[in-house]
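**Q** One-letter residues, chain by chain:
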Amino acid sequence: MTPGRVLLLRLEFRLIARDRAALLSLAVLGLAVVMAVLQGIGQTERLAASHQRQMREQPLHLRRNVEAHGSFGVGNVLYYVSFPTWHEPGPWSRFAFGQRDVTPSEVRVRLLTLEGQLYDADTFNTTLASFGTFDLSFVFAFFVPLLIIALCYDSVSADREAGLWPLIHSQPVRRGEWLARRLGVRFTVAAGWTMFLYVAGTMVLGLLMPADLRWWVGAGVLVLYQLLWFGLSVMVVTRGWSSTLNALALGSLWMITAVAGPSLAAVSIATQFPIPDAFEATLRQREGYHRMWDQPRETTMVRFYRSYPEWAAMPVPADRFSWPWYYAMQHMGDIDAGPPALEFRQKLNQRIEWSWRAALVFPPVYVHLLFQRLAQTDLRQHLRYLDSIRDFHERLKRFWYAHLFRDTPIAAVDWTAIPDHRLTAEPGLPGLGERLAPFAGLAALALLAALWCVKRMEKGR
Amino acid sequence: MLRWNPRLAARVAYWEVVAAWRDRSLQATVAVAVVLILASAWVSWQSHKLMQDQRARYQDLVRDNWLQQPDRHPHRASHYGYLAFRPPGLLSVLDPGVERFSGSSLFLEPHRQNFVNFSEATYSTGLLRFGEMSPSLVLQVLGPLLVIFSGFAIVTRDRQSGTLALLGSQGASMGSLLLGKAAGLCCVAAAPLLAIAAVVAAGAVMAGDAGIDAWLRAGLYLLAHAVYLLFWVAATVTASAILSGSRGALLLLLSLWLAMVVVSPRFLVAAVRESLPTISRADLEASAESGVMEQGDAHAASGEAFARMREQLLRQYGVKRLEDLPVNYNGLVMAKGEEHSSEVFQERFALLRDGFQRQERVLALAALLNPYLAVRQLSSLAAGSDRLHHADFEDAAERYRYQAVQRLNELHTSRIRYENDRGQKVPRAVWEQFPLFVYRAPDVSWALAGNRLAIAAGAVWILWACAALLLADRRARLTER
Chain L
1 MTPGRVLLLR LEFRLIARDR AALLSLAVLG LAVVMAVLQG IGQTERLAAS HQRQMREQPL
61 HLRRNVEAHG SFGVGNVLYY VSFPTWHEPG PWSRFAFGQR DVTPSEVRVR LLTLEGQLYD
121 ADTFNTTLAS FGTFDLSFVF AFFVPLLIIA LCYDSVSADR EAGLWPLIHS QPVRRGEWLA
181 RRLGVRFTVA AGWTMFLYVA GTMVLGLLMP ADLRWWVGAG VLVLYQLLWF GLSVMVVTRG
241 WSSTLNALAL GSLWMITAVA GPSLAAVSIA TQFPIPDAFE ATLRQREGYH RMWDQPRETT
301 MVRFYRSYPE WAAMPVPADR FSWPWYYAMQ HMGDIDAGPP ALEFRQKLNQ RIEWSWRAAL
361 VFPPVYVHLL FQRLAQTDLR QHLRYLDSIR DFHERLKRFW YAHLFRDTPI AAVDWTAIPD
421 HRLTAEPGLP GLGERLAPFA GLAALALLAA LWCVKRMEKG R
Chain B
1 MLRWNPRLAA RVAYWEVVAA WRDRSLQATV AVAVVLILAS AWVSWQSHKL MQDQRARYQD
61 LVRDNWLQQP DRHPHRASHY GYLAFRPPGL LSVLDPGVER FSGSSLFLEP HRQNFVNFSE
121 ATYSTGLLRF GEMSPSLVLQ VLGPLLVIFS GFAIVTRDRQ SGTLALLGSQ GASMGSLLLG
181 KAAGLCCVAA APLLAIAAVV AAGAVMAGDA GIDAWLRAGL YLLAHAVYLL FWVAATVTAS
241 AILSGSRGAL LLLLSLWLAM VVVSPRFLVA AVRESLPTIS RADLEASAES GVMEQGDAHA
301 ASGEAFARMR EQLLRQYGVK RLEDLPVNYN GLVMAKGEEH SSEVFQERFA LLRDGFQRQE
361 RVLALAALLN PYLAVRQLSS LAAGSDRLHH ADFEDAAERY RYQAVQRLNE LHTSRIRYEN
421 DRGQKVPRAV WEQFPLFVYR APDVSWALAG NRLAIAAGAV WILWACAALL LADRRARLTE
481 R
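So the sequences go chain by chain: L and B. Quick note on this note's numbering: the first sequence kicks off at 1 and runs consecutively. Quick note on this note's numbering: the second sequence kicks off at 1 and runs consecutively.
Hints are computed from structural coordinates only; laboratory data are not their basis. For every residue, glycine included, the Cβ atom is placed at its ideal position computed from N, Cα and C. Please note that the accuracy of each hint is not assured.
Stretches of chain L that chain B covers, calculated by requiring three or more beta carbons in the stretch to come under 8 Å of a beta carbon on chain B [claimed, not checked]:
id	stretch
1	21 to 29
2	55 to 69
3	104 to 117
4	127 to 141
5	257 to 263
6	285 to 292
7	365 to 376
Pulled out of the complex, with its shape left as it was, chain B reads as follows:
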C-alpha cells in the first residue's frame, strides 16, 4: 500500500509546479494549449451563433407563413404542414457532439413521419471526418498530449540525475513522492480546464440568463474532463516511474495515446457497424407502407377498421346515410387514419432506435476500458449534443405534428360539412389557435437517468487512475540499473 506522507507529497508537488513554471518549453506548451482552447471556443461559438440565427430565422418564417395562410380547408392546411428546426444547444459550443451529423430541419405533414433532413455532414467534404475543432477536441485529444509532453520525464529525470536515489536513501516514501509528482502534474493539466471555465463564465455573460441547468451541465462537463485528465496524469507518472528512460516512457505514452484516442475508437466503431447493422431508410419506409396499408389508409378508407367505424357511427346517431350525421365523417376518417399511421411509424422508428442503442451499448461498455470513449460520451451528454438529446427533439416534433394534425382533423369534423367537403374552407383566424413550435431541451437529470453506464464509466476511470499509481508505487525504480 501507499505509505502516505502528506507533507512530503505537498512539498514535491510544490517543487514540480515551480519547476514547470520555470520551464520555457513547458510554458510554451501550456500557452499553446490555452490559446487553442480559446480559439476553438471562439470558432465553435461563431458556428453555433450562425446555426442558431439561421434556424431561428427560418422557424419564424415558417410561423409567419402558417399565419398568413388564406381561408383553407383544414386538410389542405394539414398537407401544407409545418417545418421544425432543431435549435443547436447552447453547450454544443463546448462539445458539438453529433450536432453536424444530425439533421437540422424536419417537415411535419399528415399521414407520415419524416426524417430530419440537412445534416451538415452530408453536405461537407471529407474534412469533417478528421474531427471538428471545439474545446472538447482540444481537451480530449490534445489534453493527454499536453500531460504526456510535460510529464513523461517527471520521474526519469530525477532518476537520471541521481536525485531520486538520494531522496530514497533519506527515507522518503516512493508513494508520497509519486503522489506529489502527480499533484504537480495535475496543476499543469488544470490550465486548459481553467481556460474552459473562463470560457463558460464568458459564455454565461454573453448568453445572458443561461439557467441553472446550463450551469449544472457545464459543471458535469468540467468534472468529466477533470477525471479524464487525471487518468492521463496517473498514466504518465506511472510510465515515468516504471520505465528506465525518458524516451521509453514517452514512446509508451504516445503509443497508449494513439491506441486509445486514434486507433481503437475507429476500430471499434467499424466492428460495431459490421456486426450490428441497422435497418436502411428505404427498408424502413417500405415496411411502414405495408403497415399503413394493412390498417387502411385515410385517403382510401376501405379497410375493415373504417367499415366498422362507419357502422358504429350510423348506429350511434340512428341515421342511414353519412350525409345525415351531425359530424363530418371524412374528418373522423382522417383522425382514425392518422392514429393508425402514426402508430405504424412510431413502431418502425422505435425499431431503428433500438438498433442504434444496441450499437452504442457496445461503445458504452468499451468505455470501461478506454477513457477517451468514456469522456466522449459524458461530455456530449453533459453538453446535450449526443444522439439521445437529438432524438428527444424528434420526439417533441412528432408530438407537435400529431397534435396539430389531429386538431386540424377536429376542425374538419366539426366545421366542414360532409356534402361538398372539398369545396369548403375554415376562416384564416383559426390558424392563430395553433401553438408555436418551441423546443425545450430536457434537463441534465433526464440525460443522466438514460445513461447510467456512461456515469459508471466515468467513475471507473478514477479507480483506474488510482490503480495505475499503486502499480507505480510497487514497481518504481530508484536508480537507472
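Just chain L, same shape as in the assembly:
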C-alpha cells in the first residue's frame, strides 16, 4: 500500500472521530451491552437460586406431608405431595434469555392428571414482561443496525452537501476506489466495535470458549447480520439522495423491520393459529377424571388396565374406595385430554414455523430467533421441557403404582428411590443449521445488490 493510500485511510478514520453522532451511537451501544450483561447474569442467577431453595425444601416437604397425611396410606400422601422439575437455563441463556421470563422453569407435578398441571403459569410481572427483555441478543438485533445506519447514512452525501464533490472527483482517484475506502472504513469501525463488544460481553458471561461451536456460530450470525445491514445502507446512500433523506429512508427501514412489521406479524400469527385446544384439553381432563366418580369402579379399571396391563392381575375392590382406583381415575383425565393436547402442540409448532417464515422479511427478528435457538431459550425448547415433564410424570406413575397396588405401608417407602426429573441437553446445535442458510443467503443478496449499486455509481455521474 502506498503512503498516500495509508494517509487517506487515516484521514477517513479521523472523519469518524470528529463525528459526534457516530461517537454517540458507539457509546450507546457499549452502554447497552454493559446493561445487557448485568441483566443476563442476574436473571439466570435468580432462577438457579429459586431452584436450589426448591431442592433444599423438597425433603422437608415430603416429611411434613408424610407426618400430616401418612396415617391414611401412601395414596393419601401422594395427593398432597408434588415433585419438582427443573428447566435448567443453559450458559447461553445469559446471552439470549428468550422466552424464559414468561415460561415456567420449575413446574411441580403431583400424581394427578398431568394435563391439569402441565400448563401452570409462573408468576411474573406482566407489566414488565410487556416491555420485553434486555439481553445481549436483543441489543445486537436491535441496535447494531442503528450503529451501521448512523455511520453510513451521510458517508457519501456529506461531502456533496459540503460542496466538496467536484474537488474530490477532480483528483486522479477512481470513484469506486474512493467509495470503497470510505464505506469500508465505516463498516470496519462499526463491525470492529460490535465484534469487540461481542467478545467482551461473552467473556464476562463466561461464554468465550474457542472450542465451543456455539460461540463461533453466534459470531458468524452477527457478522452476517452486519453485512446485511451494511448492504442495505450502501444501497440507499449510493442513490445520491441528501443526508436527511438517507436518514429518513434507513430509519424507516429499521422501523418497519424491527417494530412495525414484527408487531403486525405477531398479532397475525396469534390470530391465524388460535389455541382454543388449550382450554379444550383443560376441560376434557377435568371431565375425564371427575365423571369416573359417577361410574362403576370397574369401568375405570378396565380402561386403566389397557394402558398398564402389568397391573391387570391386581384387582381393586369394586364396592369401596381404594387408592389404585383413585389414581386410575386421574389417568382417565389424561387419556381424554390427549387429542386436544396433541392438537395444541401442533398449533404451537405451526406458530414456530410461521414465525421463522415471517422473520425472513424482518432481519432483526430473524437474528433474535437465531440467537434464541442458539441459546435454546425459545418456545421449541419450552416444548421439550414440557415433554420431559410428561416423561417424568410417567416414570413417577410407574414408580408409585407399584406401591399403590401392593399397598406398601408408609414406613416401607424408600423416599430416596423416587425418580428424578431429567432434561438432557440436545447434543450439537439442533434446529439451527437449516435456519442459517436462508439468512446467509439474505446477507449475500444484500451485499451483491450493494456491490451493484457501487458499480453503478462508479459509472454514473
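Starting from the known structure of chain L, fit chain B onto it as the hints suggest.
**A** Using the frame of chain L, we list chain B on its own:
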C-alpha cells in the same frame, strides 16, 4: 416570556397547514399513518373478537358441565370445581396492554387459590417481544415519528430561505411565530387521533350498547395521546428553532425518540427486575403450604383450632359424640379449613402483588421524565388492560370461588349426615342454585383512583411541552449564523 400575538400565530398556523396540505411527501406520511391506524385497529379487533368468542364459548361450556353434574356429594362437586375465563376488555382493541401476557383461565377449586393460566405470551415465539400491533403502538411509537418527520424542518426551512429573518425584521414576535408553527404541526398530528376517534365511533356502532364507561375510557385514551403528541410537537418545534440545520434537528429528534421510546424503557425495566425481584411461584406455593399446615388442613383436621371447634360444638349442643350433632361436623371442618387456607393464600398473593406494585412505582416515577412511559400507563389504564385491571379479575374470581366453596360446605353441613358421610349425595337440582360467574370490569373512576401518579405524569407532560416552547422562544435563531 412569550410575547403573544394571536393573529400572527393563527396566520402562521394557517399557512403551515396549507403548506403541509400541499406537501406530497407529507401527504404520503400522514396517509401511511392513518392507514396503519385503521389496519392495526382491524387486526386488533379481529384478535379481540377471537379471544372473546373463545372464552365465552368455554365459559358457557363450563356452566353447562356444572349444571349437568349428576347427584353428587357437595365436596365432590367442590373438587370438580369451576373455570373462570377472563373476558378481554372491549377497549383492549385500542390498547392491548398486558392482555397477551396475563393468563386467560383460572381453575377454581377448594383448599387453594390457583394462578391464572394460559397467557398468550408463554405460547408465542419471540415475535411478540418486539411489540404488538395495535392503535396504541402506532400512536405511541410511530406517532412521534410522524410529528418529527413532518416538523423537523418547520423553522430551519424558513431560516435557510431567509423568510425568518424577513419576518423578524418586520417585528413579528418569535413566540407567536413558534406558537403558530406548533399549532400547524398539531393539526398534522391530529390526523391519527382523528382516525382513532373514527375507529372508536365505528367500534361503538359495531359493539352496540357500549355504555357510558366505555365512552369515558375512550375519551381519556384520546386525551392521553393528545397530550403525548403535543409534547412531541413542542419538542420538534423547539429542536427546529434552536438547532442551526435541518439535519441536526432531525438527528437530535430521532435520538430523543430512540432514547425515550426504544432504549430507556427496556433499560429501566431491566434495572427494576434486577433491583426489585419478586417471589417465584414455587417459593410462594411452598410458603402457602407451610402456612396451611400450621393452621391444620381441612382433610386432616388434627390441628388445635379444629380440636377447639369440636369441643365447643359438643358443649354447645350438649352431646357426647360427633354423630349426635344436629349438623354434619365434617362440613363445618371443611368450612373452617377453607377459611384458613384462603386467608393464607390471600396473604401470599398480596405479598406478590406488593412486589409487583413496588416495581411499577419506579416506572410511574420515571414517567415524569419519559412521556412514552407516561402515555403507556395512562393508555392501558384507560383501556382497562393494565395489570391492575387484570388483578381485579383475579379478585372477582377468588370471591366467586370462596362463596361457591363455602356454599357447598353449607350443603355438606346441613344436607349430608355425619354417618356414612361419603356415601351420600345431594340431588342435582341444587347445582342450579349456584350463580353464573360473570365478570364485570370496574369503571374508570376506580382505575383513576388507584393511579394518581399516572395522572400526575400526564399533567406534567403539558408543562414539559410548554417549557420546551419557552426554551425555543429564548434560544431561537433568526439567521443561519
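**Q** Could you run down the list of hints and mark each one as holding or not?
**A** Results for each hint:
1. 21 to 29: holds (count 3)
2. 55 to 69: Satisfied; 5 residues make the cut.
3. 104 to 117: holds (count 4)
4. 127 to 141: holds (count 9)
5. 257 to 263: With 5 residues closer than 8 Å to chain B, the stretch 257 to 263 of chain L meets the three-residue bar; holds.
6. 285 to 292: holds (count 3)
7. 365 to 376: Satisfied; 4 residues make the cut.
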